[in-house]
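A.B. asks: Taking the hints into account, I'd like the entire structure generated from these sequences.
Those sequence lines, one after another, are chains A and B. Each residue of the first sequence is one higher than the one before, counting from 1068 in this note's numbering. Each residue of the second sequence is one higher than the one before, counting from 1068 in this note's numbering.
Simulated from the structure, these hints should not be mistaken for laboratory data. Keep in mind that a hint or two might mislead.
What the hints assert, rightly or not - Cβ-Cβ distance ranges computed for the label pairs, FRET-style:
{"#": "1", "chain 1": "B", "residue 1": "P1081", "chain 2": "A", "residue 2": "E1139", "range": "39 to 45 Å"}
{"#": "2", "chain 1": "A", "residue 1": "R1289", "chain 2": "B", "residue 2": "P1251", "range": "51 to 57 Å"}
{"#": "3", "chain 1": "B", "residue 1": "E1257", "chain 2": "A", "residue 2": "D1142", "range": "40 to 46 Å"}
{"#": "4", "chain 1": "B", "residue 1": "D1076", "chain 2": "A", "residue 2": "S1298", "range": "37 to 43 Å"}
{"#": "5", "chain 1": "A", "residue 1": "P1251", "chain 2": "B", "residue 2": "S1197", "range": "26 to 32 Å"}
{"#": "6", "chain 1": "B", "residue 1": "R1282", "chain 2": "A", "residue 2": "E1139", "range": "38 to 44 Å"}
{"#": "7", "chain 1": "B", "residue 1": "S1197", "chain 2": "A", "residue 2": "R1286", "range": "37 to 43 Å"}
{"#": "8", "chain 1": "A", "residue 1": "R1289", "chain 2": "B", "residue 2": "T1091", "range": "41 to 47 Å"}
Unchecked claim - According to the in silico footprint, chain B covers these stretches of chain A (three or more CB under 8 Å from chain B):
{"#": "9", "stretch": "1129-1140"}
{"#": "10", "stretch": "1217-1230"}
Please read all numbers here as calculations on a predicted model, not as lab measurements. In this text, a Cβ means the ideal position worked out from N, Cα and C, and glycines have one as well.
Number of protein chains: 2
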Amino acid sequence: MNDSNEPLDEALLPRVRVVLSHTTKPGNIGAAARAMRTMGLTRLILVRPSQFPHREATFMAAGAADMLDSVEVCDTLDQALEGTTIAIALSARRRDLSPVALDVREAAAVAVADAAKGGEVAFVFGTEISGLSNDEVLRCQRVARIGTSAQFSSLNLAASVQVVAHEVRYAALGNQVVHETKTPLATHEETERFFVALEASLQRSAFIDRDKSGRVMDRLRRLYGRAMLESQEVNILRGMLNAWDTSMDKRGD
Amino acid sequence: MNDSNEPLDEALLPRVRVVLSHTTKPGNIGAAARAMRTMGLTRLILVRPSQFPHREATFMAAGAADMLDSVEVCDTLDQALEGTTIAIALSARRRDLSPVALDVREAAAVAVADAAKGGEVAFVFGTEISGLSNDEVLRCQRVARIGTSAQFSSLNLAASVQVVAHEVRYAALGNQVVHETKTPLATHEETERFFVALEASLQRSAFIDRDKSGRVMDRLRRLYGRAMLESQEVNILRGMLNAWDTSMDKRGD
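C.D. replies: Next up, the structure:
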């Protein structure tokens, strides 16, 4: 994670809400809140949960339990969708009559693109056992599916929320890994001086013939090139060569 | 999900193993097994778990509990990595001395590319509180990071496994949503006959002027074009027009 400075698109995440409809187990509400929070989603709306607030919800939210204080609870899906410009229903089943179905990654892209235009987006999750009703799905403009194994497609509610929240964060912020190494890379000259010393040492040790060292040196260049040597590492390698060279000198005495 | 026929690359998934090192809570082992199973990953290896087998593991695995029968338990990470060509350590922390760090999506791509060449890949997860030791990380060739909120980065173990397994499945199989509608789309002629009837009806109703109907009709073409009308839907729309036209006729009597 890039923890030095948050990218600008973090600001889109509060425009993406999660709606849990008729959740039966309060623990799943807490686990969903935690899953959202790890990915920077903060707005959770519940439609007629069986039990909420509940100690199981608080327990499963763990360090994200404060998020449960701002949860909104509604009587109808229409209330939960107030103000939304796009509502996306999570649904594993194929239905005869359904909005356009998207893969979860496409759905995240649609959501973030709309939020970037100032829209308000909802991802809507149904009850644990049977999912969303047809009536609920048809209140949404899109259906999203998470690809699962045909042999075992039983993603639990919090796991589905986790995958969606991850995809939304990724769509908004992209790759957040900074690839720079902390320590500086070796310069071309440092690396070349190492190769000269390495070749000389390998010839002295008779590992390679003086007249046909090319092939072996090419492979070693490939290896060390792939590693993208740091300056300190070249120093270590040169030190190793020196030690071997010194030992060979002594033996030669 | 495309449940009609599994794509070929499903065959890569058994070449990607999940290694959980020193897991303290047995429930997390079960939840991780379930998370893997939903995404088609089947090989789970444990390095010195605190307690396993355990009823909490079985409970949390839910419908994937049979996967726990084939779990391998080892004493060392080296044993768990036997036969691997690439080992990828999950790590949230930035470390002074670390293998090349990849974003989780890049890591999944690397894993699947190697598995496609016949390689064996491991994703390695550390203990719940402190993650992997430096010694463990340095036995891996890559580090993978899951992007999380700077305010709350506490992804639990099973949630991390879920995100990784989802990314691996997606890298192997891609978008699995079949976008075809079940019902056939309307032909160009059906749609055009509808537009002719619609324009005539809107002129009769005086909603649009006979001489400047272009702008409104352009917007309606855009709307219905975006919807990609099905044949049956055109029939319904024509039926509605007919009903309005008949009502207008009667009123005109």
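A.B. asks: Would you mind marking each hint as holding or not holding in the structure?
C.D. replies: Here is how each hint holds up against the structure:
Distance hint check for P1081(B) and E1139(A): the Cβ-Cβ separation is about 44 Å, which falls inside the suggested range of 39 to 45 Å. The beta-carbon spacing between R1289(A) and P1251(B), approximately 56 Å, falls within the hinted interval of 51 to 57 Å. Remark: the range hint 40 to 46 Å for E1257(B) to D1142(A) is upheld by a beta-carbon distance near 42 Å. About 41 Å separates the C-beta atoms of D1076(B) and S1298(A), a value consistent with the hinted range of 37 to 43 Å.
Remark: the range hint 26 to 32 Å for P1251(A) to S1197(B) is upheld by a beta-carbon distance near 29 Å. Against the hinted window of 38 to 44 Å, the Cβ-Cβ separation of R1282(B) and E1139(A) comes to about 41 Å, which satisfies the hint. Between S1197(B) and R1286(A) the CB atoms are about 39 Å apart, so this pair conforms to the stated range of 37 to 43 Å. The given range of 41 to 47 Å is respected by R1289(A) and T1091(B), whose C-beta atoms sit roughly 43 Å from each other.
Given a C-beta distance limit of less than 8 Å, the hint that chain B covers the stretch 1129-1140 of chain A holds, as 3 residues qualify and 3 suffice. Given as covered by chain B, the stretch 1217-1230 of chain A passes the check, having 11 residues with a CB less than 8 Å from a CB of that chain where 3 are the minimum.
Going through the hint list in order, the structure satisfies each hint without exception.
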